[in-house]
Amino acid sequence: MAVAEWEDGVLFPEASDTEIARTKFLLGKYKSMRLLMDDYENHTKDMQQVAIDGEVARRIDQDALHADKAANAVILAEKQRWVYEQYRLYTSVIRRAIDLIFDDDSRQAIQHRYIEGHSFKGTVLFFRHGMSHSTVRRKLDEGTESIANTLKLMGFFEKDVAKYEV
Numbered sequence: 004m005a006v007a008e009w010e011d012g013v014l015f016p017e018a019s020d021t022e023i024a025r026t027k028f029l030l031g032k033y034k035s036m037r038l039l040m041d042d043y044e045n046h047t048k049d050m051q052q053v054a055i056d057g058e059v060a061r062r063i064d065q066d067a068l069h070a071d072k073a074a075n076a077v078i079l080a081e082k083q084r085w086v087y088e089q090y091r092l093y094t095s096v097i098r099r100a101i102d103l104i105f106d107d108d109s110r111q112a113i114q115h116r117y118i119e120g121h122s123f124k125g126t127v128l129f130f131r132h133g134m135s136h137s138t139v140r141r142k143l144d145e146g147t148e149s150i151a152n153t154l155k156l157m158g159f160f161e162k163d164v165a166k167y168e169v
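First residue of the sequence shown? That's 4 in my numbering, and the numbers climb one at a time after it.
Note that these hints are calculated values from the structure, not bench results. You may find that some hints are simply not true.
Mimicking DSSO-like on lysine-lysine, the simulated pairs with C-alpha atoms at most 30 Å apart in a straight line are [said to hold, decoys possible]:
hint, residue 1, residue 2
1, K82, K34
2, K162, K82
3, K82, K48
4, K48, K32
5, K162, K27
6, K124, K27
7, K162, K34
8, K34, K48
9, K32, K162
10, K82, K32
11, K124, K32
The calculated label-pair distances, taken between Cβ atoms and stated as ranges, are [unchecked claim]:
hint, residue 1, residue 2, range
12, Q83, K34, 16 to 22 Å
13, L92, D144, 21 to 27 Å
14, E88, R141, 31 to 37 Å
15, L38, F123, 15 to 21 Å
16, H132, L38, 28 to 34 Å
Beta carbons: idealized from backbone N, C-alpha and C, even for Gly.
My request is simple: use the sequences and hints to build the entire structure.
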C-alpha cells in the first residue's frame, strides 16, 4: 500500500459505526447470498433459457415501443452474472474475516448465527450450557466488530461503503 494511505499512523484501524452496521447487514444476508450463488452455479443454463423463453427479457425496459428478447436476455444474463460475482466477493471476504476472529466463542457464535443461518434464539439454545443470553449477544457483537475491523484493514469499505452512503 502507498505511504499516503497510512499517513494517520494507524497500523490497526478500527471500523466506524457505519462500517460495523454494514458488516452486520452483510452477515445477515450471508446465507441468502450463498443460496443464490449455489442456485446460479447449479442452474445457470436453465435461468438463461427461462429468460429467453419467458416474459422477463421482454420487460426489461417498460418504456420501449418494441423489445428484442434475445438482446434483453443477454443483458439479463450479464446482470445475473454480475450479481453472482458481487456475492462471491462479499462471501469470500466475510469468510476470511471470520477465520481471523481470535476468540473461539465469538467465531462459533458468528458461525452458528450467520453462516449457518440460525435465529438468535437458536444460537442461544446452541450455547445454552456454556453461555447466557447476554453473553451470546456480546459474543456476536464482538465477532461482528472483529469482522468489521478486518474488513477495514483489508480495504473492503473503501469501495463498498461509498456505494451505500446516504
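Tested hints:
Distance restraint check for K82 and K34: the Cα-Cα separation of roughly 21 Å lies within the 30 Å cut-off, and the hinted pair is therefore satisfied. Our distance criterion of 30 Å between C-alpha atoms is met by K162 and K82, whose separation comes to about 20 Å. The suggested pairing of K82 with K48 holds, with an alpha-carbon distance near 14 Å, which does not exceed 30 Å. About 25 Å separates the Cα atoms of K48 and K32, which keeps this hinted pair within 30 Å; it holds.
A hinted pair counts as satisfied when its Cα atoms are at most 30 Å apart, and K162 with K27 qualifies at roughly 17 Å. A threshold of 30 Å between alpha carbons decides the hint, and for K124 with K27 the separation of about 17 Å falls inside it, so the pair holds. Between K162 and K34, the direct Cα distance comes to roughly 22 Å. Compliance with the 30 Å bound is thereby established for this hinted pair. With a C-alpha separation of about 23 Å, the suggested pair K34 and K48 falls inside the 30 Å cut-off, and the hint holds.
Distance restraint check for K32 and K162: the Cα-Cα separation of roughly 19 Å lies within the 30 Å cut-off, and the hinted pair is therefore satisfied. Annotation: proposed proximity of K82 to K32 holds, straight-line Cα distance about 19 Å (limit 30 Å). Proposed proximity of K124 and K32 is supported: the alpha carbons are some 18 Å apart, at most 30 Å. At roughly 19 Å, the beta carbons of Q83 and K34 sit within the given window of 16 to 22 Å.
Taking 21 to 27 Å as the suggested C-beta distance range, the pair L92 and D144 conforms, at roughly 25 Å. Evaluation of the 31 to 37 Å hint for E88 and R141 yields a pass: the beta carbon distance comes to about 35 Å. Judged by the Cβ atoms, the range 15 to 21 Å given for L38 and F123 holds: they are separated by roughly 20 Å. At roughly 30 Å, the beta carbons of H132 and L38 sit within the given window of 28 to 34 Å.
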